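Peer 1: Protein chains in written order, with the numbering used here: chain A, 1 to 418; chain B, 1 to 418.
In short, the hints are calculated from the structure, not lab data. Take the hints with a grain of salt, since some may be wrong.
Note: identical chains are not told apart, hence a pair may lie in one copy or across any two.
[Said to hold, decoys possible] Simulated pairs of lysine-lysine, DSS-like, Cα-Cα distance not exceeding 30 Å:
{"hint": "1", "residue 1": "Lys-174", "residue 2": "Lys-221"}
{"hint": "2", "residue 1": "Lys-341", "residue 2": "Lys-203"}
{"hint": "3", "residue 1": "Lys-174", "residue 2": "Lys-336"}
{"hint": "4", "residue 1": "Lys-400", "residue 2": "Lys-23"}
{"hint": "5", "residue 1": "Lys-309", "residue 2": "Lys-219"}
Here the structure is a predicted model, which is why all the values come from computation and not from measurement.
Number of protein chains: 2
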Amino acid sequence: MAYRQLSIESIAEYLQGIPEMKKVFSSFNELDIREIGDGNLNYVYLVKNKEKPNESVALKQAVPFLRIVGESWPLPKERMTIEIKALLKASEWCPQNVPEIFFYSHEMSLVVMKDLSSHGVLRGQMIEGMYFPKLADHISTYLAQNLFHTSDLFLDHREKKEMVREFINIDLCKITEDFVFTHPYEQNETNVYNPELKESDIKSIQEDSNLKISVAEMKKKFMTEAQALIHGDLHTGSIMASEEETFVIDPEFAFVGPMGFDLGAIIGNLLMSYFSHEYRQPLLGREPYQYRKWLLETIESLWSEFVNKFEHLWINHQNSSGDLYWDYDSGVEHFKNQREKYILDLLQDSIGFAACKMMRRILGLAKVADIADITDLKERARIENITLQVGKKMVTERKKFRSISEVIDLAQEFSTLK
Amino acid sequence: MAYRQLSIESIAEYLQGIPEMKKVFSSFNELDIREIGDGNLNYVYLVKNKEKPNESVALKQAVPFLRIVGESWPLPKERMTIEIKALLKASEWCPQNVPEIFFYSHEMSLVVMKDLSSHGVLRGQMIEGMYFPKLADHISTYLAQNLFHTSDLFLDHREKKEMVREFINIDLCKITEDFVFTHPYEQNETNVYNPELKESDIKSIQEDSNLKISVAEMKKKFMTEAQALIHGDLHTGSIMASEEETFVIDPEFAFVGPMGFDLGAIIGNLLMSYFSHEYRQPLLGREPYQYRKWLLETIESLWSEFVNKFEHLWINHQNSSGDLYWDYDSGVEHFKNQREKYILDLLQDSIGFAACKMMRRILGLAKVADIADITDLKERARIENITLQVGKKMVTERKKFRSISEVIDLAQEFSTLK
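Next comes chain A alone, as it looks inside the complex (with noise of 0.2 Å):
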């Protein structure tokens, strides 16, 4: 079926045609249908039955330009089959974290999936202060699960490379190399700053040698670097989480590249909150320290956990490879002695990357509104200039980091309420 926008009015005919649909909803005579997608990229549509209003989905369609500028803002519609394929593969290994797939076409650049209406945008809740006890427990797990089985430490040579081919996300990956690793330093037009941000702050940042030098690494490192299947944009917007569940939705940015950028992504959104608590805790009338004391522990347990799921995969895997690499009397100490290695450089892989989504959050185009819906100018500006100065000692240090409860101390030794 050759492309075609849907719209409110053409969906419930468009769905009644799709056999799969008719697994989900026992009629389509009363369907209740309201697009809810923040309107950037993609028009997203909840679909309810009226008469039983458990039998619901979501739709999701890409149009083949940017929406909120309209048609003169070409983006190819294909994004979708990233996205699509990204879903499926990610369903293989963890369906227990991403939403269920009733249907999708590449034709028509959608995908219809399990209504996550129920369960919150995580960043949305994370600013009111909600607590998430297992969003460590299962993001570790997603990452875990999807980066080991998408690098070559368990791929066949042939699957990997072919899996590289099919990812290539040209347009994507670009909106990433420019808006996470080159305007934000720079004096970059599409840069937005907060007026009560001093020149000299955003010069400590866009002229400092090191700095500079550092996030070009990173830069060359997500460009570069076909490690593993990689979510591409998972920061606290891409996760939809209640108490006992959490989902990660929105994999469009998709493609073969560095384990670290979707660890740093995770860990550099927490971190964002943590120093944007120090402002909202007290607003919220509480006693400042508690919530923030389980951001830093979600961060250190999400890493942890991490490691370990990690790890635990690696060896079995290794255990029932028949390789011969490690196979002699000291093989299984030297084993270790690699994990141990690969495992740490990951670290500073993910500590770089959390810097430079950080950074680029001060001061280039995309906010968080963690930080930047504080309404008071002058608060916004300390947490930001916090949130810079902590981004920068990150990325021009990393290889200097042993342990992710360094990146704790930092940010704590950086935050003004103890």
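Given the coordinates of chain A, assemble chain B onto it according to the supplied hints.
Peer 2: Chain B alone, transformed into the frame defined by chain A:
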């Protein structure tokens, strides 16, 4: 035209049917056709007009199996597609260092190119102790031009990623992954050892924790880092040279990989020549150091000239790009710092790859004649152990090297004859 395997009998008629060949041959009546391939993978023929011997070409055709084994070992003939594309790409940037192509056919998996038979293979000529005063200049040009212009430092993001896709080279990369980075470092049945090499010497490589982790890191880099279009097999057997001219041939292993792999291949092979001449020069009745000194000087100038040329290309491109990244008062100096860091990383990569290429030639299946043809097996084992020990130090301590002269010093330190 569908694929068919050519033979000495069918080549004349085939060439006569190709319009481009009429520019080379004034007549097809008296062609002298001889097979000159080394016979591992492909068929190579030399075609000469008996009446006018300066009318000649080389014709290379891939067959869909490993030639030395036979049809029981299938190899995709599509490797010739990669070879042709890589030759064409290199001839964009340094036509003087690759054979001129007169005609090619992806369907027939063949290429017709300049007859280089007046230039010997570099390895054989170096075994005989011949000097090549322009080698460092030519190869450094070839590498600087090709590596720079196929990297993200030069290419547009889209062109680069389409190049990655186009040059995915699954089967030939697998040969390198196995025979350069894996089998030689484990007790693999494909390995071939000089019987005079002691088991303890072999174990000092195959059971050393740091060494094996380092080799695995180089393998990971080879498998994941899409830095530039590399030749992929740049040893001294892939170079045809006279005193005046140098041609790089046989890029069938080409793919978008780490730059240091090409630099390391040539450095490693020159080092092995250096070690071998500890035995060969006295045998040739020569003062043992003079030729070896030339080899070390060649390594040193190959690297330093590469750096000069690469930096020159980079600076010119940056200055004409209109990029904002380094466009501020101290930007010139900071950009210089960036280049230094980039080049240092590349040196350390090259040293690591050189080491892998050296050690595998001692322990793995594929040998280099420089060392493996030494008939005195005890002497050969002595040279092999020097190669292994220098390789071990290079790969495990690669991050400590700050200049190419430290590599030269190390090689001299381990050589017995001063």
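Peer 1: Compare the structure with each hint and give your call.
Peer 2: Verification of the supplied hints:
For a Cα distance limit of 30 Å, the shortest separation of Lys-174 from Lys-221 qualifies both inside one copy, at 14 Å, and across copies, at 23 Å. Only between protomers do Lys-341 and Lys-203 lie at most 30 Å apart by alpha-carbon distance; the minimum there is 22 Å, versus 35 Å within a single protomer. In this homomeric assembly, Lys-174 and Lys-336 come within 30 Å of each other (Cα to Cα) only across copies, at 25 Å, whereas the closest approach inside a single copy is 37 Å. For the homomeric pair Lys-400 and Lys-23, neither the shortest alpha-carbon distance inside one copy (54 Å) nor that between copies (63 Å) is at most 30 Å.
Proximity of Lys-309 and Lys-219 under a CA criterion of 30 Å is satisfied in both settings, with 28 Å inside one chain copy and 24 Å between copies.
Hint 4 alone, counting from the list given before, is not met by this structure.
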